[in-house]
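Engineer: Model the full structure from these sequences, guided by the hints.
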Amino acid sequence: MALELEILGIHAGYGAVRALQGVSMQVRDGETVALLGTNGNGKSTLMKCVMGNVRPTSGQILLKLDGVPHDLTRLSTEEIVGLGVALVPEGRRLFPRLTVEENLLLGAFRREARPHIAKNLELCYETFSVLKERRRQLAGSMSGGQQQMLAIARALMSSPKLLLVDEPSVGLSPLLVSNTVTMIKQLKEKHGLTVLMAEQNFHQAIRIADRGYLIVHGEIVFEGRTVEELEHNDMVKNYYLGTA
Amino acid sequence: MKFLLGALVLVGFAAAAPLFVHLEYFYFAGFVVLQFIVLATAWNILGGFAGYVNFGTGAFFAVGAYSAVALYKAVQLPLGLQILAGAAAAGLLGFLVGLLTLRLRGIFFSIATIAITIILETVVMNWHYVGGAKGLPILRPTEMPLYFTNYTQWLFLVMTIIAVLAVAMARYIQVGWIGRGLRAIRDNEGAAECSGVPTLKLKLAAASISGALMGAAGAPFAQYLSFIEPSSAFSLNYAVNALAMPIIGGTAHWIGPVLGAILLGTVQQVVTVTISSEMNVLVVGVMLVVFVVGAPEGILGLWKRYVLKKGTP
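Protein sequence lines correspond, in order, to chains W and D.
Using this note's numbering, read the first sequence as starting at 1 and increasing by one per residue.
Using this note's numbering, read the second sequence as starting at 1 and increasing by one per residue.
None of these hints come from the bench; they were simulated from the model.
Any given hint could be a false lead.
Between beta-carbon pairs, the in silico distance windows are [as the list claims (entries may be wrong)]:
#, chain 1, residue 1, chain 2, residue 2, range
1, W, His11, D, Met125, 47 to 53 Å
2, D, Phe28, W, Val170, 57 to 63 Å
3, W, Ile117, D, Ala168, 41 to 47 Å
List time: in silico BS3-like cross-link candidates among lysine-lysine, alpha-carbon distance up to 27 Å [what the hints assert, rightly or not]:
#, chain 1, residue 1, chain 2, residue 2
4, D, Lys304, W, Lys161
5, D, Lys201, W, Lys132
6, W, Lys188, W, Lys64
Positions of the beta carbon are idealized from the N, C-alpha and C atoms, including for glycine.
Structural biologist: As structure tokens, this is what we get:
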């Protein structure tokens with residue numbers, strides 16, 4: 001199924017604070033797109049807009065499935081999940097007092113996902129064997145790295161086609177960040193996912209990205225059509241890597 | 001299966017009780033304990049499973065009671081239909097309270113439910129058809145239903161049936177997808193929404209069901225006392241008890257509120273008879289403090305720790 005995410009000039013904010021000012025970007029079928037930017041530049045807000053948690057004040061977010069456009073700004077979060085979009089939220093946001101298995105089952109809450117629960121659960125346990133060992137344990141009692149695995153696995157339980165990953169590096173050691181990013185790449189290839197990843201760790205992000213956008217103060221200031229373009233762009237160096 | 005059997009035994013006992021229990025007080029006290037089982041179970045659906053602490057149990061209870069009274073006075077509606085009407089009216093109120101959860105969470109939600117209680121009490125105080133502030137005496141039906149010779153015994157059976165249905169409902173919710181979704185809301189509402197859990201629908205369902213059960217518990221209230229007046233129907237005691245009982249029993253499982261209601265309800269009855277009815281409230285307060293400090297997961301938590309020997313994580 002051909003999928004394309006097109007974000008057209010969205011503005012969004014919280015009260016008087018404007019977080020996004022006319023952001024436009026595109027994610028095409030099978031790509032891994034990195035959304036780069038340091039803290040407080042609107043990456044998470046953009047993710048929340050796509051998920052329907054934050055309503056843009058203007059602009060459109062179109063998810064085209066086989067050429068049929070769905071305007072996500074008009075749909076509820078459940079409906080968006082129902083279309084095959086899943087989010088691995090920033091800071092993981094698990095259900096700490098529920099067991100690992102319950103966390104996973106909650107990822108498959110929507111009716112369309114329920115018939116595939118057994119298969120998806122097995123797939124998750126196969127990919128993340130530590131989750132199988134700990135499936136009766138409370139999610140909040142696991143280590144940060146394990147929780148990140150669970151957050152990713154939970155998102156996969158809805159059999160998504162488009163996976164949004166918001167800052168997988170938050171609160172993890174450099175080695176775990178590297179493992180997590182590698183894991184995302186493997187899962188993407190295995191399940192044929194399209195991935196949009198917001199990340200401030202530039203070097204980790206471009207390891208798996210096909211291309212990327214740089215967001216500064218709620219505006220896309222640079223679009224790199226290849227990883228090389230990102231690496232050699234002055235703005236990226238200036239705003240982001242501090243090496244200009 | 002075990003549950004169904006237990007429920008049938010209980011209802012059977014209540015139906016047959018007049019044959020061997022003749023002490024009138026048994027039915028009076030039993031009715032109150034059963035009524036609290038319904039209220040505590042209903043409260044737990046929204047407060048325990050979903051984490052929305054409702055302080056307005058009195059409002060739902062009274063809406064059930066006054067709906068029944070109004071319809072009884074107007075058209076002599078039979079008890080079964082009074083209960084259905086009371087449940088429907090309180091369920092509708094629950095739906096409206098559920099809409100509040102769109103904007104209000106935590107303590108703000110709780111305060112709003114207290115406000116609703118006060119507003120509704122004021123409305124009823126000025127509603128003269130049902131007696132206003134000075135109350136309304138109720139004449140029980142003169143014809144006894146079925147084989148009963150005493151209306152209180154009949155009310156005891158009716159309340160047993162309501163309690164069994166309420167607990168069955170809570171159990172059904174707990175073990176299924178609805179319960180899992182509500183627990184997710186309690187743990188992290190934002191994350192639940194992102195995972196595709198239909199949070200608003202679930203909250204509305206939980207609030208409506210919880211409200212309807214409280215209304216059903218309230219509907220026979222006037223028949224039980226042969227009298228109704230606003231300050232006892234809207235009493236804050238219902239809110240405090242409906243909250244204290246699940247906390248004392250344990251909110252994680254449907255049996256928690258049942259245990260809490262039986263324990264606290266019985267102790268209160270004993271205290272009322274042996275010491276004074278004023279001591280009731282004190283007992284609730286002291287037990288609540290003791291449990292919150294000593295056993296935050298209630299009787300269920302103690303059971304898990306000392307009988308099943310599982311550490312509470």
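Engineer: All hints are to be evaluated individually against the structure, with a verdict given for each.
Structural biologist: Hints, verified against the model:
1. With their beta carbons about 50 Å apart, histidine 11/W and methionine 125/D fall inside the hinted range of 47 to 53 Å.
2. The hinted window of 57 to 63 Å between phenylalanine 28/D and valine 170/W holds, with their beta carbons roughly 60 Å apart.
3. At roughly 26 Å, the beta carbons of isoleucine 117/W and alanine 168/D sit outside the given window of 41 to 47 Å.
4. For the proposed pair lysine 304/D and lysine 161/W, the alpha carbon gap of about 42 Å is over 27 Å, so the pair is violated.
5. For the suggested pair lysine 201/D and lysine 132/W, the alpha carbons sit about 31 Å apart, so the restraint of at most 27 Å is broken.
6. A threshold of 27 Å between alpha carbons decides the hint, and for lysine 188/W with lysine 64/W the separation of about 19 Å falls inside it, so the pair holds.
Hints 3, 4, 5 from the list above are not met by this structure, while the remaining hints are.
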